[in-house]
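**Q** Read off the chains here:
There are 4 protein chains.
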Amino acid sequence: MSQAPDDQSTTLQELKGRVAAFVAERDWQQFHTPKNLSMSIAIEAAELMEHFQWLSVEDSRNLGPQALAEIGEELADIVIYSLSLANTLGLDLSQTVQAKMDKNIRKYPADRVKGKAHKYTWYEGKDEG
Amino acid sequence: MSQAPDDQSTTLQELKGRVAAFVAERDWQQFHTPKNLSMSIAIEAAELMEHFQWLSVEDSRNLGPQALAEIGEELADIVIYSLSLANTLGLDLSQTVQAKMDKNIRKYPADRVKGKAHKYTWYEGKDEG
Amino acid sequence: MSQAPDDQSTTLQELKGRVAAFVAERDWQQFHTPKNLSMSIAIEAAELMEHFQWLSVEDSRNLGPQALAEIGEELADIVIYSLSLANTLGLDLSQTVQAKMDKNIRKYPADRVKGKAHKYTWYEGKDEG
Amino acid sequence: MSQAPDDQSTTLQELKGRVAAFVAERDWQQFHTPKNLSMSIAIEAAELMEHFQWLSVEDSRNLGPQALAEIGEELADIVIYSLSLANTLGLDLSQTVQAKMDKNIRKYPADRVKGKAHKYTWYEGKDEG
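Protein sequences, first through last, are from chains A, W, D and R.
Each residue of the first sequence is one higher than the last, beginning at 1 in the numbering used here.
Each residue of the second sequence is one higher than the last, beginning at 1 in the numbering used here.
Each residue of the third sequence is one higher than the last, beginning at 1 in the numbering used here.
Each residue of the fourth sequence is one higher than the last, beginning at 1 in the numbering used here.
One should not assume that every hint holds.
It does not matter which identical chain is meant; a pair holds if it fits inside one copy or across any two.
[Said to hold, decoys possible] Each computed DSSO-like pair below joins lysine-lysine, with the alpha-carbon atoms no more than 30 Å apart:
#1 K114 x K16
#2 K103 x K16
#3 K116 x K16
#4 K116 x K103
#5 K100 x K16
#6 K103 x K114
#7 K114 x K100
FYI, nobody ran anything at the bench for these hints, they're computed from the structure.
Bear in mind that the values here come from a model prediction, so they are computed numbers and not experimental data.
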């Protein structure tokens, strides 16, 4: 595994290409519609959540190697379906992600939100106002 | 936008690095725990689904430019939180995704499942057996 | 089963009471926090969706007895966790549901939305305007 | 509101009937297919989760009146779609829930699991074994 291409050397297009080939070889484009893929991402996200369902937020930071391996597989499923949706919609993920991050940078200026999760802050203050 | 780095030239590590910087500049690592991030991915996946909630599977293929732009933003949110989770867990996404795809290739041999979604087939046949 | 209490004779409070007893006998109130229960409902909702993931909207209407039994179990899980959350929050579900339905009745006047799902209509029209 | 029918006096059938009337008056049965309703439940579950996304498990117990009101509305949406799905599938919810609880009672004997969430325990022990 140590010589497999890693995040330093792998482009988004390479991963997208592998997913596209996997789907095409099985003739599964007919099932990989945007509606079905959005459900698939949500289903895999729930399988990921299942690992943390009863843990405290803090304990979710301390995972053993077996838990980490299983969690990695669930995250991989989410990413695979996300790449397939990008393929289906003809979206460039790098540009789409960068555009959304630029929007988030303007929405949450670092000097204003530092150390405060917006919702968290909002909840703390909201019923006192 | 046309000159922004695209999927052909952007590595996973570059995107991961941008997300890590965004989180660190806001001191948000304290909120970006695995439990909270798994919820965040699921929440964004639901926002993506909302665009397809009442559409037929077929109609979800025919999206106008405005719908497509909004859907791209939801997908970007899913990818951003997935990258943040990979950062938090110290996971190499390319290797994790590749390992999961190798598993899927063995689980669903192309010549056996061609044109048949497993669940789909399973449902069609299951109550007749 | 035919003599078990049915929807005609069972009140919300009776179901809430059974769930509360189940949780208390296991000393599980400590895990049944609002945050964890919201995750639990989402996880069970995803298990329900999994049955329909690759089906057309139309085919999801034609389910065999075995599929229907499994789907009933997933729906039961969603309802059980929803009742537990109502217990934890001290919410009267009948009043909460009725209040939300009154709001929906005002928001979607029957004569205006008849036969048109709001999102569906919105999507059809939105990119032409 | 204090005289509105409450959980003590409202049967499941009464709530199901109101939801069925709401849907029929808008001619929305065509959209309320099992597939679409499963997505709708998951979408509403995510909107519920959003209120707890950045809170600690413990803080999610201490909600102000405004937060509680909003959370009640999200829970109502989940219940409304669940009732609509029961209507669509012709399921008796009381019997389905009772059957699932009987199964859970056998699966998690009170004397064996008392004070231990199964997943929680499983995680704590799993990498040491």
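**Q** Next step is simple, just say for each hint if it's right about the structure.
**A** Hints versus structure:
no., hint, verdict
1, K114 x K16, "between (35 Å within a copy, 20 Å between copies)"
2, K103 x K16, "both (25 Å within a copy, 17 Å between copies)"
3, K116 x K16, "between (35 Å within a copy, 22 Å between copies)"
4, K116 x K103, "within (18 Å within a copy, 33 Å between copies)"
5, K100 x K16, "both (20 Å within a copy, 14 Å between copies)"
6, K103 x K114, "within (17 Å within a copy, 38 Å between copies)"
7, K114 x K100, "within (19 Å within a copy, 36 Å between copies)"
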